[in-house]
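Asks: The primary structure of each chain is shown beneath.
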Amino acid sequence: MVDAPEEQQEESLFEAPPMGEQERMVEAILFASAEPVTVRELTGRMPHGSDPAEAIQYLRKRYEGRGVAVVRVGDAWAIRTAPDLGFLMQKETVEQRKLSRAAIETLAIIAYHQPVTRAEIEEIRGVSVSRGTIDQLLELEWIKLGRRRMTPGRPVTFIVTETFLDHFGLESARDLPGLKELRQAGLLDNRPPPGADEETEFESGEEEPDLFESDDEDDTVIDDEEA
Amino acid sequence: MVDAPEEQQEESLFEAPPMGEQERMVEAILFASAEPVTVRELTGRMPHGSDPAEAIQYLRKRYEGRGVAVVRVGDAWAIRTAPDLGFLMQKETVEQRKLSRAAIETLAIIAYHQPVTRAEIEEIRGVSVSRGTIDQLLELEWIKLGRRRMTPGRPVTFIVTETFLDHFGLESARDLPGLKELRQAGLLDNRPPPGADEETEFESGEEEPDLFESDDEDDTVIDDEEA
Amino acid sequence: MSDDPSILETSVSDRLAAEALIVDVEGFEGPLDLLLTLSRTQKVDLRKISVLELAEQYLAFVEKAKELRIELAADYLVMAAWLAFLKSRLLLPPDPAEEGPSGEELAAHLAFQLERLQAMRDASARLMARDQLGRDFFARGITEDVTRTRRVTYTANILDLMQAYSRIRTKDEFRPLSFDARESILTMEQALDRMRSLIGFAGEWTDIMSYLPDDWSGDPKRRRSATASTFAATLELAKEGKLELRQTDTFAPIQIRSREARNG
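Residue numbers (our numbering), protein chains in the order written: chain A, 1 to 227; chain B, 228 to 454; chain C, 455 to 718.
Don't read these hints as lab results, they were simulated from the structure. Because the structure is a prediction, the values reported are computed rather than measured. For every residue, glycine included, the Cβ atom is placed at its ideal position computed from N, Cα and C. Be careful, since some hints might not be right.
No farther apart than 27 Å at their CA atoms in a straight line, the calculated lysine-lysine pairs in the BS3-like style are these [to be verified]:
#	chain 1	residue 1	chain 2	residue 2
1	C	K497	A	K180
2	C	K541	C	K520
3	C	K502	A	K180
4	B	K325	B	K288
5	C	K541	C	K497
6	B	K371	A	K61
Listed below are several chain C residues computed to face chain A (Cβ distance under 8 Å; list not exhaustive) [stated by the list, open to error]:
#	residue
7	S542
8	L544
9	R570
Can you build the whole structure from these sequences, using the hints too?
Replies: Here's what the structure looks like:
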């Protein structure tokens with residue numbers, strides 16, 4: 001409850017609801033949706049002058065240790081059951097599609113190396129990536145197209161989605177397990193094979209927008225460049 | 228639930244979880260279930276010796292005044308949006324459109340000639356008035372039914388409403404400007420009526436014969452003969 | 455090199471493992487995967503792996519596969535060729551005249567590739583071991599979709615209203631006109647028909663006005679229409695090369711004459 005009514009009235013003709021009410025509203029909206037809801041959408045649906053980002057923080061605290069939790073998924077928020085209670089939910093459990101080893105590895109490579117081109121995935125796995133593998137991951141909406149790489153041929157890149165983060169309970173791609181260690185060990189470097197055309201490789205490395213450093217992952221959405 | 232604790236312990240090797248845990252479980256199950264859940268089903272899903280009925284009562288209290296509520300649906304339980312926040316689940320987009328020509332003309336005729344029957348409107352407009360046009364004006368609450376005309380068939384008449392006067396900023400329908408005023412205001416064409424000044428027009432027209440000069444109104448039928 | 459005793463003197467269990475590898479060749483996801491599996495027999499940190507030893511293991515594997523007449527995919531053979539080349543680079547003293555990366559550089563890169571592949575394997579295992587939505591934690595079961603209602607409001611102002619009324623009244627006043635107009639119009643087709651039939655007689659320059667139909671020259675409105683359509687008809691005929699037009703001065707009478715009559 002951090003109301004400063006005078007200030008609010010200066011800013012807006014209508015007073016925003018008290019923070020307690022805003023928290024209730026965020027609670028209702030998050031409860032009503034199976035999908036994560038962005039702060040932007042919350043703002044759009046709540047009364048003028050509301051501050052859903054702040055209300056979420058209160059709500060999140062309120063649900064700590066409860067049967068459900070307020071979780072962050074990329075730029076969005078969702079309510080999910082506490083993982084320790086999964087055993088109660090046999091009835092709700094959805095049959096998970098069995099992913100091939102190739103698909104799982106490809107997914108991990110995309111997640112840790114994003115944005116990554118198909119050629120780079122193949123370089124890492126040492127084998128060509130079948131069309132079906134990418135298709136399956138696209139269909140699951142776990143990956144999507146990132147920006148085209150600004151190298152000859154302008155190859156498409158792949159990045160992971162919010163659905164991926166949601167599925168694996170990740171707040172952001174930066175929270176991937178072991179990411180920091182892999183990075184420190186240089187295993188996420190784009191290291192060209194010796195004797196390769198280093199000019200090109202260097203350029204591609206430089207153009208590569210590092211998703212993990214950027215705060216706003218939304219701006220990597222693209223793909224109408226073909227048009 | 229009228230269990231004596233001694234009996235419970237005799238029945239089960241495992242002690243039931245603490246009530247706080249049971250409450251969490253009920254919370255998670257009610258949250259994740261696609262349908263309201265009965266106490267019997269909760270009992271079946273929760274660890275042996277649990278008392279979901281009691282847990283529900285705690286949970287219900289906990290949610291009092293929150294953005295969602297634990298509600299009874301028949302003999303089952305569910306979590307639902309608090310009734311006062313239902314408005315958040317609706318998103319209304321308002322689109323402004325210009326009233327169609329047919330509608331505005333019909334409205335004008337009603338305003339100038341009220342009370343007026345549909346047949347009279349059609350006579351003045353020279354085309355039939357669609358049901359939809361009248362409905363739209365009724366819906367906008369700009370017109371309403373007046374007295375029936377005391378003529379054969381006792382047709383209904385239409386008159387304009389207070390809402391209409393409000394919307395158009397008029398004190399009464401009598402305040403609408405008359406034809407002469409419309410003409411003076413330049414809203415009516417100042418074209419001379421047919422038959423006047425023809426010689427003069429012809430003199431200028433002889434050098435530069437422009438048949439269509441006088442026929443800029445799209446309702447004059449010239450080209451039909453070619454068909 | 456393949457008969458180097460150090461390679462052949464492998465333990466029985468290693469040989470059995472090698473044969474199992476061959477039987478399982480379908481199970482490998484390419485040469486790099488196979489190399490990674492072979493590297494496990496060295497039981498060392500991937501960073502300390504002996505690439506030379508690994509290359510020899512791989513080449514032995516390919517030899518064995520050939521003996522057993524197992525068809526190896528092309529990329530396995532390409533890798534074999536490359537590893538044979540790498541092996542020679544690693545064993546022979548460096549030739550200063552030789553271009554390109556040294557054997558050590560190539561070996562280091564291969565070691566890096568193997569370590570990276572293993573790292574990604576481990577990462578994917580850790581990823582899949584996480585709590586997953588729909589398996590370990592769950593989303594809302596009863597959702598309330600946002601109902602999107604679109605409300606259309608119609609606008610009109612007093613000016614629209616008055617203009618609409620004016621429009622109707624105007625139409626009303628001029629309705630007779632439209633009937634008159636229809637009767638007072640000589641269409642271009644009519645004029646053209648008429649001119650076609652008359653033009654043959656126009657040997658000399660004649661005022662265009664003399665071609666107006668008799669009953670169209672009296673009433674000014676009709677005369678105006680007839681003048682226009684007749685003029686348009688003569689232009690059309692001039693275009694067809696049937697007649698000529700002239701006008702001595704601005705606003706002077708327009709005169710026409712037949713071309714055919716003159717030529718023929």
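Asks: For each hint, tell me whether it holds in the structure or not.
Replies: Do the hints match the structure? See the list:
no.	hint	in the structure
1	C:K497 x A:K180	26 Å, holds
2	C:K541 x C:K520	20 Å, holds
3	C:K502 x A:K180	22 Å, holds
4	B:K325 x B:K288	52 Å, violated
5	C:K541 x C:K497	21 Å, holds
6	B:K371 x A:K61	56 Å, violated
7	S542	16 Å, violated
8	L544	14 Å, violated
9	R570	5 Å, holds
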